[in-house]
Amino acid sequence: MIWRDDYKIGVELVDKQHEELFKRLGNFIKTVRSDSEKDVKKEEVEKTLDFMGEYVVTHFDSEEALQKKYNYPGYEEHHEIHENFKQEVIDFQKEYKNNDYNEDFVMEFSGRLLTWLINHVASTDQKIGDYINSIEEGK
Amino acid sequence: MNADYLNPIIAATDSVFQTMLQLEPRKGKVFVQEGLVSRKEANVIIGVTGDIKGSIIYSFSKDMALKVVEAMSGMEMKELDKFVTSAMGELGNIISGKATTSLAEKNFTCDIAPPQIVTGKEVKIVTDAKNVLSVTFDTNLGSFDVSFSIN
Numbered sequence: 000m001i002w003r004d005d006y007k008i009g010v011e012l013v014d015k016q017h018e019e020l021f022k023r024l025g026n027f028i029k030t031v032r033s034d035s036e037k038d039v040k041k042e043e044v045e046k047t048l049d050f051m052g053e054y055v056v057t058h059f060d061s062e063e064a065l066q067k068k069y070n071y072p073g074y075e076e077h078h079e080i081h082e083n084f085k086q087e088v089i090d091f092q093k094e095y096k097n098n099d100y101n102e103d104f105v106m107e108f109s110g111r112l113l114t115w116l117i118n119h120v121a122s123t124d125q126k127i128g129d130y131i132n133s134i135e136e137g138k
Numbered sequence: 000m001n002a003d004y005l006n007p008i009i010a011a012t013d014s015v016f017q018t019m020l021q022l023e024p025r026k027g028k029v030f031v032q033e034g035l036v037s038r039k040e041a042n043v044i045i046g047v048t049g050d051i052k053g054s055i056i057y058s059f060s061k062d063m064a065l066k067v068v069e070a071m072s073g074m075e076m077k078e079l080d081k082f083v084t085s086a087m088g089e090l091g092n093i094i095s096g097k098a099t100t101s102l103a104e105k106n107f108t109c110d111i112a113p114p115q116i117v118t119g120k121e122v123k124i125v126t127d128a129k130n131v132l133s134v135t136f137d138t139n140l141g142s143f144d145v146s147f148s149i150n
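Read top to bottom, the protein sequences are chains A and B.
Okay, so the first sequence: first residue is 0 according to numbering that gives the first Met the number 0, each after it adds one.
Okay, so the second sequence: first residue is 0 according to numbering that gives the first Met the number 0, each after it adds one.
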């Protein structure tokens, strides 16, 4: 995945984490789209998905802590978006096993994730940056 | 049919393409057609329910859909596979979500359904709506159509 400076929200910690998240999702997608044998691939897919999933939790936690620190008015709504996303990843991990590691299923999931993450970072998260920076400037 | 319904979709398309893809879509003239047979291969259909009932349809050529997903992923895409169509479906979902938020500000309460993907040439997309409002956008990655059929 390609990281763009346009995606930055102007809060260093969050920007660094977003960039790392892009890297991890990129690795997951590369694995999903690789030509490896099914048995090898399913392990790699699970591994890279776990690796990304762990980081999603770390990142969401610190982003939400930051929102709380600044009394961000959109906190509740944003928290719900994060919770829904985490649940989707957990549901996918279960269903992927139950579907016998179906190729179409993981391709569909990762395609949606690609667009979702770019929108979340490039649009939804920008509001947090705008809010925090307006407070910092007012100090 | 009210062309005002299409404006929030046009504005949302514009904004999402700029934010997510750094593309500035150039809008053509709005045209009305009977039914919708898409000449483009990758069609994303979003059902709309509530005060306005119908569907929003985003139609991309295969080439453009591949280029959009390449721009987002930084990886080469060769076919309209599940990864590509799902990424494009989510794009339609995001634009439509934004459009329904603007419609709500005009006191039209609507919900959207998850995206459906129809691929192939000369596909009949809409048959039950008399009139379909469409607009073609041109971008540096190709042109695409956005249509709104109201039941």
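Any given hint might turn out to be false.
To be verified - When the alpha-carbon atoms are kept at most 25 Å apart in a straight line, the in silico BS3-like pairs for lysine-lysine are as follows:
#, chain 1, residue 1, chain 2, residue 2
1, B, K81, A, K41
2, A, K37, B, K97
3, B, K66, A, K96
4, A, K85, A, K29
5, B, K77, A, K40
6, A, K126, B, K81
7, B, K97, A, K41
8, A, K29, B, K97
9, A, K29, B, K81
10, B, K77, B, K66
11, B, K66, A, K93
Don't read these hints as lab results, they were simulated from the structure.
Predicted model, so just to flag it, every value in this text is computed and none were measured.
Each hint, compared with the structure:
no. : hint           : verdict
1   : B:K81 / A:K41  : 17 Å, holds
2   : A:K37 / B:K97  : 38 Å, violated
3   : B:K66 / A:K96  : 32 Å, violated
4   : A:K85 / A:K29  : 21 Å, holds
5   : B:K77 / A:K40  : 20 Å, holds
6   : A:K126 / B:K81 : 32 Å, violated
7   : B:K97 / A:K41  : 36 Å, violated
8   : A:K29 / B:K97  : 30 Å, violated
9   : A:K29 / B:K81  : 14 Å, holds
10  : B:K77 / B:K66  : 9 Å, holds
11  : B:K66 / A:K93  : 32 Å, violated
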